[in-house]
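Chemist: Chains as they are written, first to last, in our numbering: chain A, 791 to 1116; chain B, 791 to 1116; chain C, 168 to 566; chain D, 168 to 566.
Derived from the structure by calculation, the hints contain no laboratory data.
This one's a predicted model, so the numbers in the text were calculated from it and none came from an experiment.
Heads up, some of the hints might be wrong.
[To be verified] With beta-carbon atoms standing in for the labels, derived distance ranges:
1) D:D202 - B:A995: 51 to 57 Å
2) C:E236 - A:A926: 38 to 44 Å
3) C:S195 - B:T939: 23 to 29 Å
4) A:G835 - D:D511: 37 to 43 Å
5) C:G234 - B:E1082: 46 to 52 Å
6) D:R462 - C:R434: 43 to 49 Å
7) C:G234 - A:T1041: 28 to 34 Å
8) D:P512 - A:V824: 28 to 34 Å
9) A:D916 - D:P512: 27 to 33 Å
10) B:P904 - A:S1116: 27 to 33 Å
Yeah, the Cβ is synthetic: ideal placement off N, Cα and C, and Gly gets one too.
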Amino acid sequence: MTPYTDEHDQLRASVRGLVRTDRSRARENTGHDVTLWRRMCDELGVAGLAIPEVQGGAGFGVVELAVVAEEVGRANLPSPFLTTAVAGLALAAAGEDVGAIARGERLATVSFSPDGRHVPDGDVADVLVLVDVTGASVEVVELGGVPRTALTTMDLTRGQAHLDLRGAPRREIDVPAHRVAALAATLLACEQIGGAERVLETSTAYASQRVQFGRPVGSFQAVKHLLADMLVDLELARSAQQHAVALAADTGTSAPVLDAASRTARAACSRAFTRISSDGIRVHGGIGYTWEHDAHLYFRRARASAVLFTPGDDADRLAAYAGLAS
Amino acid sequence: MTPYTDEHDQLRASVRGLVRTDRSRARENTGHDVTLWRRMCDELGVAGLAIPEVQGGAGFGVVELAVVAEEVGRANLPSPFLTTAVAGLALAAAGEDVGAIARGERLATVSFSPDGRHVPDGDVADVLVLVDVTGASVEVVELGGVPRTALTTMDLTRGQAHLDLRGAPRREIDVPAHRVAALAATLLACEQIGGAERVLETSTAYASQRVQFGRPVGSFQAVKHLLADMLVDLELARSAQQHAVALAADTGTSAPVLDAASRTARAACSRAFTRISSDGIRVHGGIGYTWEHDAHLYFRRARASAVLFTPGDDADRLAAYAGLAS
Amino acid sequence: MTETLADFRRRVADFLAHHGCPAGAAPSRSRRPADHVAAARVHQRALADAGLAGITWPVEVGGLGLGPEYRQAFAEESAGFETFSAVFTIGLGMCGPVLLALGTADQRSRYLPPLLRADEVWCQLFSEPGAGSDLAGLTTTAVPDDDGGWRIRGQKVWTTYAHHSDRALLLARTDPGKAKHRGITMFVLDMTAPGVTVRPLRQATGDAEFNEVFLDDVRVGPDDVVGAVDEGWRAATLMLMNERVALADNPIGSPVTLDAVVALANRTGRTTDPVVRKAVADAYVAQQQAELFARRIAGEVRVGRDPGALASIGKLAAGRLATQVSALALEVAGPDAVAWDPADPDGGLWAYGELYAPSLSIAGGTEQIQRTVLGERVLGLPREPQADRDVPFRELRRG
Amino acid sequence: MTETLADFRRRVADFLAHHGCPAGAAPSRSRRPADHVAAARVHQRALADAGLAGITWPVEVGGLGLGPEYRQAFAEESAGFETFSAVFTIGLGMCGPVLLALGTADQRSRYLPPLLRADEVWCQLFSEPGAGSDLAGLTTTAVPDDDGGWRIRGQKVWTTYAHHSDRALLLARTDPGKAKHRGITMFVLDMTAPGVTVRPLRQATGDAEFNEVFLDDVRVGPDDVVGAVDEGWRAATLMLMNERVALADNPIGSPVTLDAVVALANRTGRTTDPVVRKAVADAYVAQQQAELFARRIAGEVRVGRDPGALASIGKLAAGRLATQVSALALEVAGPDAVAWDPADPDGGLWAYGELYAPSLSIAGGTEQIQRTVLGERVLGLPREPQADRDVPFRELRRG
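Same shape as in the complex, but just chain A (with noise of 0.2 Å):
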């Protein structure tokens, strides 16, 4: 069943209404779109939604956002949102000072990769939450006087860089690097979904209205077979990624449960993401495949995306998860 409420269809509302008047676009080549995220931060308070208030943010939980990478998703905004979504609520859970953060001023980042590499948003994060999930261990690093290399990417919405550690300050903070690694999993999945169910609907209206053979194209056959197999994609995997969701906000939600759930939902929505963004540009015939429409954008995004937070045993936990023996 669905993790949301009334209340959040208002917070889905506005953050739509301040993305439509300020739309998807591609990053200009380092650096996310500045303007953006003051505005996101400053009449949204995104950055520090989740949060609690005593630490100067607004309180919220996992499911608000989870709204809000919808959202992000659905635009496909050249934003770090979800970095520094993921990245401040664990500063925050270990006690850490995350009033900047929360104002959206200092942005942190999150990664699995022990050797700094492929870090997302590693371009533009002032701090770099550092997680070892075999380990279980988190660690915090300051990026200040950290060397970087932005890294040239498919994907024109959000940034990577290489990160040279070696002399880095680290610290461990206390926070459970399994939830870490949960909720990265799970808001990327929301993302996701956001950005599949908008080539659906963009998609979906192409067909109706471009008319070849004197008809619509969505009447023909194909293309109507193939739009309704983008929804049934899109239908199963958003069934995983709320139920990772539901999971991921309750806080008693046992470890093993939690990355089960999570994981799934990062498989199921990268998989529908990239076939969605793939035959949503099939269904634009052409125009989708020009560098103007926003198809090959949706399509980037949902490459990267795929192997991004992707720690290499996916298949063999999952595997576990259906039950074969180790």
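Position chains B, C and D against the provided structure of chain A, taking the given hints into account.
Modeler: Just chains B, C and D now, kept in the frame of chain A:
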């Protein structure tokens, strides 16, 4: 390019003519269709087709065997043609006495399982050619006194047996193991192409004639495109199969080239026949799912054939042929 | 006063403790169908005797008159128990609600109490050899006789459990001069009436769950019309809506489950092969999605909402999952899956599953039909130009 | 006397030894398109100077007047060399044969010699924003002027190499009162004529291989009609047939080949992972099939047969293979495929391939169109009911 000439069309027509008067059916529990086999041997000499004339055969070659295998597959015959053709040719090449085999009076079979399990036509064969590809050795085993367990098979047109070879007398023969393996894989691919071709024909005919919503169902894109995909699978697989036949017919083909081509053909045709026969059931709707309709018989054969003669190292070897280091 | 939910739950738990049949303990639906149906009848009768049948049905027809939250509670309590839902989907899930909605007072009081007790099992005589995906193309005719009743001639097919059924809801064409979707009427049919011949239809698996039903001048009375004459398509639509609800509540899946395949892999030691682990992981993700989606829809249904066309997603997911899992089974079992020692009673399971899977993509509306439904009714895509809508039925091309 | 095949082969080998450009050594078609086209022109001119251009074309237009077996021999000799076929598919493979078949004596002698020497490069102005899959729905108009010529207005799109082209074959509607497939005429267009504006169209990959072409009252003369007025659809069909032939002879594939992915796996040590080995094996089997099929078709083409609709199989196979291989590349390269050090010149190759792949399933007829072609022309399945066949074009619904 096709390895077939106009003369092969005559052979094809003869086999098809005989088969038409004696059409496809499931074998009853155990044993092949003995009456049919006698006609195929007496009227067409299929058992000795590629056995040299001095050894009692007709002295044709691999291409002729390929034609018959395609027709056996098309009609989905409960016939031991494939196994006895491969084994008979190996025995003939080793200079064994194959007169009775060439007349179809003795049935030979071939297996690549050292433990005697899942031997095709093992329930009816008189002699076994046991191939050890890794060790590059070929043995002949008389099955007269060998204890056997006839298996229940998904494929209702080809039997299998577990043979207890522990006490059986074996004798090594001098014939290249890799050629026997390549021939078995290639002729199996021919059978599969024949079956797939027939399924596509009957499915196309059904879709052209079956009317729903006031139109033949084949005029709907959903069905038309499904059939088109079956055609694509068939013709692509056929290219691999004809290539393997041409190489197998050429005694100058080197061992690795022949191995790569025959493994490719088997993999391609196994997948194509499985998909096509499965989609054939779907095209026919409910009627294709009934026992009385042939569709499931082809699907059963496809599924069983896909694991016949399959060494466990197929993925490994094919990757190596693609250039992947070991 | 209405029973509290807590009291109700206690009664359900109590019933199941005495009469509940653990899932998997009943005679197999596919291999011992007659025994399965007999056990289902016994179980349903016990439910009725315990005052637990027809939870949301009105009291006057033998139901409990309770709200959908009680149905949800019953579903939760009976997790892990055999519910025989496949046997009763048609009667209790589909025919009952249609009679409740459209039946006369007489029909309701005459048919619903024995239906609820499984004293009478019902089937659905809709599909025909020439009317499968295109159900409204049916050609079975009902011609008025002199006594105000009707004479029915035609052939039905794919009738689940017809050979175990006492009654049926039947669609027949009463006016071929009207357009295709008009001129159809729904009737109650006594399956023992003269002229009704049931012939089991053997499936690719070897089972015979379905039947052909031949109707040779079968008489039905004037009181056997359900709803209005020539308005049967509306009744049929209501029936299919209830089918979606019933299947969303109790989805029918393949006998070869992922759990069974995993157990096989554990048994045969194929657990460390990375290719197998990856394929199992993929199947697990697919299975979780299908299950969580089914739960989402069932949640809606149990609080009384029609899942509408979204139910087609569940059906597609179930069919695709069955295909994926049975293919995985063949991968894991290898040559043993397609040829097995006759002495092994479970040897044929994997082949059975592989042969069973396509039926989930055909029965109750092919994959193609489901995708059209989703495209048009959920996404709102335009329909195809239709040749068969506004023409008198007798002038249409058929085959 | 005709040159013997052996002598011809010797001349080809000799030419290639001096002027041949090893495959992969030319400027990249996708990254340095202008340089690629310039190199192609130089190469084609050298071929012409060596008396090796237009092997099967008549001698009077500068060809060699030889049989298809010489073309086959040329193809065999030039294996491993860059043929620049993508640049010349349209001009030499499509426009040339159409002018040969339908052009006036004047058109042939005026246009074909410089086409053969690449002194003039040609493009094809067919597709429009509103006429993609449905090419015959084009709305660019040609209206007669007072001097017996025509004035052309409209917009074309997806025009490969328009910005490097000197001339074009263009389709325009000359009679909107006739049915859709009638009333179209083919013209020769000078790309430098006043009113022709070419705007490169940037693709998802970032490349700009295609263009939009705006036609604002462009004048063509009475001599520029190819074939007969209002009979342009026949000419277009002939042109598309030649496209099939040309592409069957020289298929266009993705820049990310299986070989490249295998080399990557060897370099990064991902060779022992069984999941990778299996995926590589699967891709190898697919690639072999596509290649062997292409060889089968090319064999037909080089002996002068039209591959007909079967060519659609090759196109579908190429598109699907590119998708499979680029996905495999992302699998093997992992996070490096989607984010790379800007200092690595090849870092972006895998992302490029993944973005390139969909174009193979869209350009030159979508997957859906290809499957319809196969279903109807190869399998003989009935067509859909068509709303747009026998109605005057101006009354049709367009969008």
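Chemist: Could you check the hint for me, namely that G234 (chain C) and T1041 (chain A) are 28 to 34 Å apart, CB to CB?
Modeler: holds (32 Å)
Chemist: Does the Cβ pair P904 (chain B), S1116 (chain A) satisfy 27 to 33 Å?
Modeler: Cβ of P904 (chain B) to Cβ of S1116 (chain A): about 30 Å, so the range 27 to 33 Å holds.
Chemist: Is 43 to 49 Å right for how far apart the beta carbons of R462 (chain D) and R434 (chain C) are?
Modeler: At roughly 46 Å between Cβ atoms, R434 (chain C) and R462 (chain D) fall inside 43 to 49 Å, so the hint holds.
Chemist: S195 (chain C) and T939 (chain B), beta-carbon distance inside 23 to 29 Å?
Modeler: holds (25 Å)
Chemist: Return holds or violated for the Cβ distance of D202 (chain D) and A995 (chain B) against the range 51 to 57 Å.
Modeler: holds (54 Å)
Chemist: Using the Cβ atoms, figure out if G835 (chain A) sits within 37 to 43 Å of D511 (chain D).
Modeler: holds (40 Å)
Chemist: For the pair D916 (chain A) and P512 (chain D), does the Cβ-Cβ distance stay inside 27 to 33 Å?
Modeler: The hint (27 to 33 Å, Cβ to Cβ) holds, given that D916 (chain A) and P512 (chain D) are roughly 31 Å apart.
Chemist: In this structure, is the beta-carbon distance linking E236 (chain C) and A926 (chain A) contained in 38 to 44 Å?
Modeler: holds (42 Å)
Chemist: Could you tell me whether the CB distance from P512 (chain D) to V824 (chain A) stays inside 28 to 34 Å?
Modeler: Holds - the Cβ-Cβ distance for P512 (chain D) and V824 (chain A), about 30 Å, lies within 28 to 34 Å.
Chemist: Using the C-beta atoms of G234 (chain C) and E1082 (chain B), is the stated range 46 to 52 Å upheld?
Modeler: Holds, since G234 (chain C) and E1082 (chain B) (Cβ atoms, about 48 Å apart) stay within the stated range.
The structure shown violates none of the earlier numbered hints.
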